[in-house]
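Student: Listed here are the chains, written in short residue letters.
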Amino acid sequence: MPKIQVQYFAILREQRGVSAEELATTADTPAALYDELRARHGFSLPRDRIRAAVNDAFVDAATPLRDGDRVVFIPPVAGG
Amino acid sequence: MFRIATARIDPASLQAALANPRAGACVTFEGWVRNRNEGQPVLSLEYEAYALLAESEGEKILSEARGKFSLVAAAGVHRVGHLPLGELAVWVGVTAEHRGAAFDACRYIIDEAKARLPIWKKEHYASGATAWINCATRGEHATGNPPTAG
Numbered sequence: 000m001p002k003i004q005v006q007y008f009a010i011l012r013e014q015r016g017v018s019a020e021e022l023a024t025t026a027d028t029p030a031a032l033y034d035e036l037r038a039r040h041g042f043s044l045p046r047d048r049i050r051a052a053v054n055d056a057f058v059d060a061a062t063p064l065r066d067g068d069r070v071v072f073i074p075p076v077a078g079g
Numbered sequence: 000m001f002r003i004a005t006a007r008i009d010p011a012s013l014q015a016a017l018a019n020p021r022a023g024a025c026v027t028f029e030g031w032v033r034n035r036n037e038g039q040p041v042l043s044l045e046y047e048a049y050a051l052l053a054e055s056e057g058e059k060i061l062s063e064a065r066g067k068f069s070l071v072a073a074a075g076v077h078r079v080g081h082l083p084l085g086e087l088a089v090w091v092g093v094t095a096e097h098r099g100a101a102f103d104a105c106r107y108i109i110d111e112a113k114a115r116l117p118i119w120k121k122e123h124y125a126s127g128a129t130a131w132i133n134c135a136t137r138g139e140h141a142t143g144n145p146p147t148a149g
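Top to bottom, those sequences are chains A and B. Reading the first sequence from the start, the letters are residues 0 to 79 in numbering that gives the first Met the number 0. Reading the second sequence from the start, the letters are residues 0 to 149 in numbering that gives the first Met the number 0.
FYI, nobody ran anything at the bench for these hints, they're computed from the structure. By construction, the Cβ of each residue, glycine as well, lies at the ideal position given by its N, Cα and C atoms. Just to be clear, a hint being listed does not mean it is correct.
[Claimed, not checked] What follows is a list of derived Cβ distance ranges for each label pair: (1) LEU84/B <-> GLY16/A: 35 to 41 Å; (2) LYS2/A <-> LEU84/B: 42 to 48 Å; (3) ARG12/A <-> ASP9/B: 26 to 32 Å; (4) GLU37/B <-> ARG39/A: 29 to 35 Å.
[To be verified] To list a few chain A residues with every Cβ distance to chain B over 10 Å, as calculated: (5) THR24; (6) ALA56; (7) PRO74.
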């Protein structure tokens with residue numbers, strides 16, 4: 000199974016309880032991976048309020064994931 | 000240059016770095032930690048950033064501003080960490096030959112930065128409660144717009 004590095008920030012970091020982890024998953028897009036993780040960890044935010052970044056760039060949540068990718072799920076932002 | 004800062008922002012040195020004999024106008028914006036949001040007393044703010052992407056997206060915003068407005072230079076800094084009231088959370092500085100472009104570009108940069116940078120803010124209230132701004136879901140207390148600082 001492909002291995003994906005996931006990094007968590009803010010509300011997702013608190014709800015997951017760790018800031019990063021490596022996962023073996025069959026989820027083939029960030030959207031599918033978020034659904035899998037939300038079901039497992041009970042994240043409060045629905046997928047449509049989350050953006051995704053892969054390898055430090057924003058991507059469409061339907062972008063195919065590859066082995067070794069680094070994924071970050073981005074909750075609604077609030078800088079400033 | 001757009002950067003994420005873990006230590007206190009020094010606006011004087013940032014502004015001095017923009018000095019250029021071609022610049023006839025300098026507009027800066029400072030976002031400060033404020034004591035109230037949506038009627039709730041706020042004691043402090045905790046900022047967290049996905050620094051690598053926040054800096055690259057911040058650079059993209061600066062580059063867009065240079066394309067849209069006639070600028071000499073533009074720079075921005077956003078602080079992370081747990082900040083007390085009055086602390087400088089975000090700084091934007093723009094220079095141009097004339098004031099119109101400098102005002103417009105400064106406004107563009109801070110507006111885009113607030114909307115796009117992967118930065119999160121947790122408010123600590125006098126009641127002891129905390130909340131990640133804009134992240135409330137159904138059934139939770141509605142916190143959110145407008146964010147406290149900036």
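Student: Give a verdict on every hint.
Tutor: Evaluation of the provided hints:
Range check, LEU84/B to GLY16/A: Cβ separation about 30 Å, and the 35 to 41 Å hint is violated. For LYS2/A and LEU84/B, the Cβ-Cβ distance of about 44 Å falls inside the hinted range of 42 to 48 Å, so the restraint holds. The hint said 26 to 32 Å for the Cβ distance between ARG12/A and ASP9/B, and at roughly 29 Å that hint holds. About 33 Å separates the C-beta atoms of GLU37/B and ARG39/A, a value consistent with the hinted range of 29 to 35 Å.
Non-interface status of THR24/A relative to chain B is upheld: no Cβ of that chain comes within 10 Å, the nearest being about 21 Å off. Not every Cβ of chain B is farther than 10 Å from the Cβ of ALA56/A; the closest lies at roughly 7 Å, contradicting the non-interface assignment. Remark: the non-interface label on PRO74/A conflicts with the geometry, its nearest Cβ contact in chain B lying 5 Å away (cut-off 10 Å).
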